[in-house]
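Protein chains in written order, with the working numbering: chain A, 1 to 293; chain B, 1 to 273.
It is possible that some hints are incorrect.
Unchecked claim - A few chain A positions that, by computed beta-carbon distances, are all more than 10 Å from chain B:
(1) E49
(2) F107
(3) K109
(4) M128
(5) S172
(6) R188
Said to hold, decoys possible - Okay, derived cross-link-like pairs now, EDC-like style, lysine to aspartate or glutamate, Cα gap no bigger than 20 Å in a straight line:
(7) B:K88 with A:E61
(8) B:K173 with A:E64
(9) A:K54 with B:E172
(10) B:K170 with A:E61
Source of the hints: derived by calculation from the structure; they are not laboratory data.
Where is the CB? At the ideal position from N, CA and C, for every residue including glycine.
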Amino acid sequence: MKGKQLLKEKVIKNIFLLSSLTSIFFLIGITIILFKEGLPLFQEINLKEFLWGKSWYPTYEPAEFGILPLILGSLWITLGALIIAVPLGVSTAIYISEMANPKVRDFLKSSIELLTGIPSVIYGFLGMVLLGPWLQKLFNLPVGLCSLTASLLLALMAIPTITSLSEEALFSVPKDYKEASYALGATRWETIIKVTVPAALSGIGSAVILGMGRAIGETMTVLMVAGGAAVIPRSFLQPVRPMTATIALEMGEAVVGSHHYYALFAIACVLFVLSLTLNLTADYFLIKFRRTS
Amino acid sequence: MKRITRTLLLTCLVLTLIVPISQAGVGQLVVQGSTTVLPIAQAAAEVFMQNNPQANISVRGGGSGNGIAALIEGTCDIADASRPMKVKEILLCQKKGISPVPHIVAMDGIAVIVHSSNPIQGLNMEQIKDIYTGKLTNWKELGGRDQKIVVVSRDSASGTFETFNEIVLKGEKVIPEALAQASNKTVATIVATTKGAIGYVGLGYLSETIKALPVNGIAPERETVGSGKYPISRPLYMYTNGAPQEVAKDFIDFIWSEEGQKIVEEQGFVSLP
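Kindly generate the complete structure, drawing on both the sequences and the hints.
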């Protein structure tokens with residue numbers, strides 16, 4: 001009887017182990033395929049030409065595979081999104097965790113989490129038919145699909161990530177800190193700004209970086225609203241083309257095994273390395289935060 | 001743990017090996033070439049194989065040049081091409097003892113579109129080229145309103161772009177500021193909502209909300225494209241080595257049939273007159 005139960009436990013344990021290994025299996029598989037399909041490009045051009053080249057003409061003769069405008073396009077709209085999303089997201093988090101009464105807090109938290117459930121194509125659609133034309137009229141632009149439109153929508157998509165993770169970080173600041181601050185005669189505002197927020201800073205940092213990762217990897221929305229011009233961004237009112245949009249735009253028609261095809265995979269590698277770096281940085285901040293609090 | 005990692009890696013390796021092999025497939029008929037013709041060939045092959053279960057057609061893209069090269073090498077039976085063969089290719093055929101026979105399967109026409117409020121009544125090929133290569137940047141220069149031209153283009157890998165590039169731009173580069181869009185539909189939407197925009201779409205995407213411009217004085221219509229009068233139109237070819245035999249003949253006959261030409265229309269091309 002005991003042996004049978006032991007066996008059962010062992011089987012169950014191994015099933016769970018196996019399912020937890022699937023994600024690792026996929027991660028390894030994706031990495032291998034990305035690099036296997038991306039690296040052949042560098043038999044044709046060198047890495048510097050690829051990363052620093054200013055023109056992306058993959059199908060012309062001779063082809064040019066410079067992705068600098070695409071990298072800068074991605075970073076540019078992400079920067080714009082962060083400028084909007086960080087103050088909004090962090091102040092929302094401060095309000096929810098430090099000021100709101102429990103009823104308001106629950107309502108706000110669940111409505112912000114609802115934002116994450118909206119498919120990105122819907123954001124893209126709203127951007128295309130509502131926000132874009134509206135911005136076009138407001139700023140008297142030649143075309144409404146530009147980096148500002150993309151940044152605004154990406155900000156909306158990054159806010160839930162930034163808010164809920166920052167709120168968690170603020171919430172887990174030990175009560176002692178706040179009580180000590182009040183005991184010293186500090187007001188609520190002083191306590192928040194001088195004690196709670198600094199204590200949760202690395203947690204908030206990790207939230208911001210994860211929000212950034214969300215923005216930089218977003219594809220559908222930017223494909224629909226960023227405009228798609230492969231130029232080096234100089235203003236927020238100008239169309240740009242991020243890396244993700246380029247892959248989505250061209251992968252369907254690129255000839256399998258052509259330099260163009262390899263170049264698109266190489267862009268995916270750059271994107272992969274970039275988001276991996278962001279995630280690791282976020283992890284680093286999070287570990288630091290857990291240690292201090 | 002080490003063993004597990006090894007198994008995982010091995011499985012990945014095996015998977016990457018299996019996928020290309022299963023794609024190659026040994027078919028009785030191999031169709032290869034132009035990505036423009038690809039949707040026609042693919043859709044037609046699907047229906048054809050449903051009607052003739054014993055037929056096995058494998059359709060590949062690769063581009064017109066790629067398909068013709070495969071025909072010369074004898075690795076495909078039908079080469080799709082969105083252009084006639086070049087002299088160099090014909091010479092190569094003669095050397096290899098191949099006698100290529102062109103079969104026109106459909107007509108392809110691309111309309112140049114602007115916002116419905118744009119007063120411009122038509123453009124010539126030179127003007128369109130100057131707009132897309134950045135020499136003309138304001139509608140004023142073309143006798144229109146004082147408004148910046150918003151150039152809308154397709155992703156440079158698409159068949160529509162390929163046609164437009166070959167016929168209008170003659171291989172010159174589109175300005176990087178052009179908005180590259182993923183589909184005919186999004187080009188039409190942007191042009192419909194942007195006053196200063198110019199774009200190009202397949203004939204199937206014309207509607208009331210956008211204005212199709214006559215090019216060199218000829219309006220883009222089914223008839224003018226079908227007859228080849230409209231300048232941004234071209235026939236699409238399937239090349240065979242000698243007169244088509246057996247399955248190849250049946251397949252091309254099928255595309256020429258009423259049902260096949262309906263597929264051509266469904267894919268956004270113009271059926272043969």
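(message) Hint check: K170 of chain B vs E61 of chain A, CA-CA at most 20 Å. Holds or violated?
(response) Holds. K170 of chain B to E61 of chain A sits at ~12 Å (cutoff 20 Å).
(request) Decide if the proposed pair is consistent with the structure: K88 of chain B and E61 of chain A, CA atoms, cutoff 20 Å inclusive. (result) It holds: about 17 Å lies between the C-alpha atoms, which stays within 20 Å.
(request) Take a quick look at whether K173 of chain B and E64 of chain A sit within 20 Å of each other, Cα to Cα. (result) Measuring from Cα to Cα gives roughly 11 Å; hence the hint holds.
(request) Measuring Cβ to Cβ, find out whether K109 of chain A lies farther than 10 Å from everything in chain B. (result) 36 Å, holds
(request) Grab the minimum beta-carbon distance between R188 of chain A and chain B and tell me whether it stays above 10 Å. (result) 49 Å, holds
(request) Verify that the Cβ of E49 of chain A lies farther than 10 Å from every Cβ atom of chain B, and report whether the claim holds or is violated. (result) Holds, since 17 Å exceeds 10 Å.
(request) Say whether it holds or is violated: M128 of chain A keeps its Cβ farther than 10 Å from all Cβ of chain B. (result) 7 Å, violated
(request) Measuring Cβ to Cβ, find out whether F107 of chain A lies farther than 10 Å from everything in chain B. (result) 36 Å, holds
(message) Holds or violated: K54 of chain A and E172 of chain B, Cα atoms, limit 20 Å.
(response) 17 Å, holds
(request) Decide, holds or violated, for the assertion that all CB atoms of chain B are farther than 10 Å from the CB of S172 of chain A. (result) At about 33 Å from chain B, S172 of chain A clears the 10 Å cut-off, so the statement holds.
In the structure shown, a violation is registered for the earlier hint numbered 4 alone.
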